[in-house]
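Visitor: Okay, here's what each chain looks like letter by letter:
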Amino acid sequence: MGLKQNLHNLKEKYKGTKMAPAFNAIHTFLYLPNETTHGGTHIKAADDLKRTMNTVIMAMVPCLIFGMFNAGFQHNVAVNGNFASGMSFFSGDFWNFGNLLIGAAKILPLVIISYGVGLGVEFIFAIIKGHEVEEGYLVTGMLVPLIVPVDTPLWMLSVAVIFGVVIGKEVFGGTGMNILNPALTIRAFLFFAYPTWMSGDKVWVTGAVETAGTADAISGETVLGSLAQGKEIVYSAWDMFVGFIPGSVGETSTLLILLGGLFLIFSKIGSWRIMLSATLGALAMGLIFNQIADAGIITESSKFYSLMNTPFWHHLLIGGFAFGAVYMATDPVTASQTNKGKWIYGFLIGFISIMIRVFNPAYPEGVMLAILLMNVFAPTIDHYVVQGNVKRRKKRLKAKTA
Amino acid sequence: MGLLSKKDAALITDPFADNNPITIQVLGICSALAITAELKASIVMAVSVLFVLGIGNVVISLMRNIIPSKIRIIVQLIVVATLVIIVDLVLKAFQYELSKTLGAFIGLIITNCIIMGRFEAFALANGPWKSFLDGIGNAVGYGVILIIVGFFRELLGSGTLLGFKVLGDPIEKTGLYSIGYENNGFMLLAPMALIVVGIIIWIQRSRNEALIEDN
Numbered sequence: 001m002g003l004k005q006n007l008h009n010l011k012e013k014y015k016g017t018k019m020a021p022a023f024n025a026i027h028t029f030l031y032l033p034n035e036t037t038h039g040g041t042h043i044k045a046a047d048d049l050k051r052t053m054n055t056v057i058m059a060m061v062p063c064l065i066f067g068m069f070n071a072g073f074q075h076n077v078a079v080n081g082n083f084a085s086g087m088s089f090f091s092g093d094f095w096n097f098g099n100l101l102i103g104a105a106k107i108l109p110l111v112i113i114s115y116g117v118g119l120g121v122e123f124i125f126a127i128i129k130g131h132e133v134e135e136g137y138l139v140t141g142m143l144v145p146l147i148v149p150v151d152t153p154l155w156m157l158s159v160a161v162i163f164g165v166v167i168g169k170e171v172f173g174g175t176g177m178n179i180l181n182p183a184l185t186i187r188a189f190l191f192f193a194y195p196t197w198m199s200g201d202k203v204w205v206t207g208a209v210e211t212a213g214t215a216d217a218i219s220g221e222t223v224l225g226s227l228a229q230g231k232e233i234v235y236s237a238w239d240m241f242v243g244f245i246p247g248s249v250g251e252t253s254t255l256l257i258l259l260g261g262l263f264l265i266f267s268k269i270g271s272w273r274i275m276l277s278a279t280l281g282a283l284a285m286g287l288i289f290n291q292i293a294d295a296g297i298i299t300e301s302s303k304f305y306s307l308m309n310t311p312f313w314h315h316l317l318i319g320g321f322a323f324g325a326v327y328m329a330t331d332p333v334t335a336s337q338t339n340k341g342k343w344i345y346g347f348l349i350g351f352i353s354i355m356i357r358v359f360n361p362a363y364p365e366g367v368m369l370a371i372l373l374m375n376v377f378a379p380t381i382d383h384y385v386v387q388g389n390v391k392r393r394k395k396r397l398k399a400k401t402a
Numbered sequence: 001m002g003l004l005s006k007k008d009a010a011l012i013t014d015p016f017a018d019n020n021p022i023t024i025q026v027l028g029i030c031s032a033l034a035i036t037a038e039l040k041a042s043i044v045m046a047v048s049v050l051f052v053l054g055i056g057n058v059v060i061s062l063m064r065n066i067i068p069s070k071i072r073i074i075v076q077l078i079v080v081a082t083l084v085i086i087v088d089l090v091l092k093a094f095q096y097e098l099s100k101t102l103g104a105f106i107g108l109i110i111t112n113c114i115i116m117g118r119f120e121a122f123a124l125a126n127g128p129w130k131s132f133l134d135g136i137g138n139a140v141g142y143g144v145i146l147i148i149v150g151f152f153r154e155l156l157g158s159g160t161l162l163g164f165k166v167l168g169d170p171i172e173k174t175g176l177y178s179i180g181y182e183n184n185g186f187m188l189l190a191p192m193a194l195i196v197v198g199i200i201i202w203i204q205r206s207r208n209e210a211l212i213e214d215n
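Residue numbers (the working numbering), protein chains in the order written: chain G, 1 to 402; chain V, 1 to 215.
I should point out that these hints are in silico values taken from the structure, not numbers from a laboratory.
Given the structure is predicted, the values throughout are model-derived calculations rather than measurements.
Careful, some of the hints might be misleading.
As the list claims (entries may be wrong) - One-sided excerpt, in silico: chain G residues whose CB lies under 10 Å from chain V:
no., residue
1, 171
2, 188
3, 191
4, 192
5, 193
6, 272
Unchecked claim - Selected chain G positions facing chain V (in silico; Cβ < 8 Å):
no., residue
7, 189
8, 194
9, 195
Each residue gets a CB set at the ideal place from its N, CA and C atoms; glycine is no exception.
So that you can see chain G by itself, here it is in the shape it has in the complex:
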């Protein structure tokens, strides 16, 4: 009798008790439950919620590992000041053990806290409400450490995770019922509650906060931060593409995000319509701003000039846009459900992201707010798409019967 059978027996034993949901969650997490549906139609499909979630997590793991190396790399660059633009992706300066060590020491606690606190809240709610623990937090728990600055204090992260899971998800009825993306709710909470830890030039490189004001002070500004202040940027488009730039933990490498996105598209988990239309939306807004800057409507004295004058395709590489479009906008719960709706939803996310990014220096990254905003509108978009379809078919019917 293996562990699986043991667990199953225990499950039978504890059926109906208060702890059963929590116990069942661990059981189904480890093994496929050895019970089948009774009666009715059986539809056998391999892609249950758990597998879907695991696929998304697999797509994010490269970003996480890259984020660890990058955290160490940015720290060393800031301390030694020897950034070489245009390094090859496989450069040994980046992929070395020292970098990994610094990064892992910072980022693993974020991952552990995110999962520990988030799953703890889920378990408590499952026990109180007496339903099964849902797998919904698995992806959120991985997203959260990837979208926060590396030096985020752990207690802040815990508070934000509790807030995000309770207010963002559980009050609406748990996994699958939430209006807003829980990971972005958590980040938005952090952003508005503790702005000094979420923006500026001190938080993106590990160690910068502690050394501030001393002789060893280091700083590292994100590309967006520099652009918003009209400074020269030292990073080439190649650096931004492979991700050797300061930023939130997992969002810097557009290359790996692109690969993760392709993986999600080919495993049919993520919607290519949303990813593509978000990209198109961002490019469209970027082009409009480029035209405005070229036409001389906005002159160099304007504070928007340097962001507007950024080549439109650079907008895809800098900031969290790529990460948001691939992993967050495609969240099947909060996105539009209809195909036409997905095009509109994605396009507006891209469009509004770049607009917020350029026009509001207080919110250097617009993709978070754009996705949250469109989450709210997604049901409305769906409603009108469905109604439009109904109307068209009614008309067709009338024409046929008339």
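Given chain G, put chain V in place with the hints provided.
Guide: Chain V only, in chain G's frame:
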């Protein structure tokens, strides 16, 4: 309570809990969101509404048989406006700084739905004593929520209570701040007030199942 009959006592206690104007009737939300960032402002607002609603209910109740029903809203508005101007002038005279932070919201007591709601629903149909109790009860019910929200928002948002630094000094890093605690800036923004009110409603409803509607 020997002073009040059971029915009269219910007029005061009902709006306090199970018929609370904010958490059950969801009235007066606007001011509850706008001015609760500081505890002091919440208290002053609560007292102002207590004054306006208590007196106003009595005045309307005394006039209830002579107000032509076609113009009753205008009459009610005049009564509220008069009382609100009194409050506003008193605040300006004795608490000038506070009256500046409260700004337009003292004036906006006129449009507070609780006040017009009680005039319409109660004072126009009941005698002055009962109306007075009803006004006091509703104003206290409103004030309690305001004070609870104000307490948490000021404590978590600025780390102070009534202006005293109860959690230590955030700049010199004393008290809680020395171990890395920081104020939650979100608490000072209006959306968080809505969430705090929502949490109060949540707690209240989960303690009293009778309040949960079927759907």
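Visitor: For each hint, tell me whether it holds in the structure or not.
Guide: Hint check:
The interface hint given for residue 171/G is met, as the beta carbon of that residue sits about 7 Å from the closest beta carbon of chain V, less than 10 Å. Look at residue 188/G: its Cβ gets to within about 9 Å of chain V, closer than 10 Å, so that hint holds up. Because the smallest distance between the Cβ of residue 191/G and any Cβ of chain V comes to about 9 Å, under 10 Å, the interface hint for this residue holds. At about 4 Å, the closest approach between the beta carbon of residue 192/G and any beta carbon in chain V falls short of 10 Å, and the interface hint on this residue holds.
The beta carbon of residue 193/G is positioned within 10 Å of a beta carbon in chain V (closest approach about 4 Å), and the interface hint is therefore held. Given the 10 Å rule on beta carbons, the hint for residue 272/G is violated: about 34 Å separates it from the nearest Cβ of chain V. A cut of 8 Å between beta carbons decides the hint on residue 189/G: the least distance to chain V is about 6 Å, and the hint holds. Interface restraint check for residue 194/G: the shortest CB-CB distance to chain V comes to about 6 Å, inside 8 Å, so the restraint holds.
At its closest, the beta carbon of residue 195/G sits 6 Å from a beta carbon of chain V; the interface hint therefore holds under the 8 Å criterion.
Hint 6 alone, counting from the list given before, is not met by this structure.
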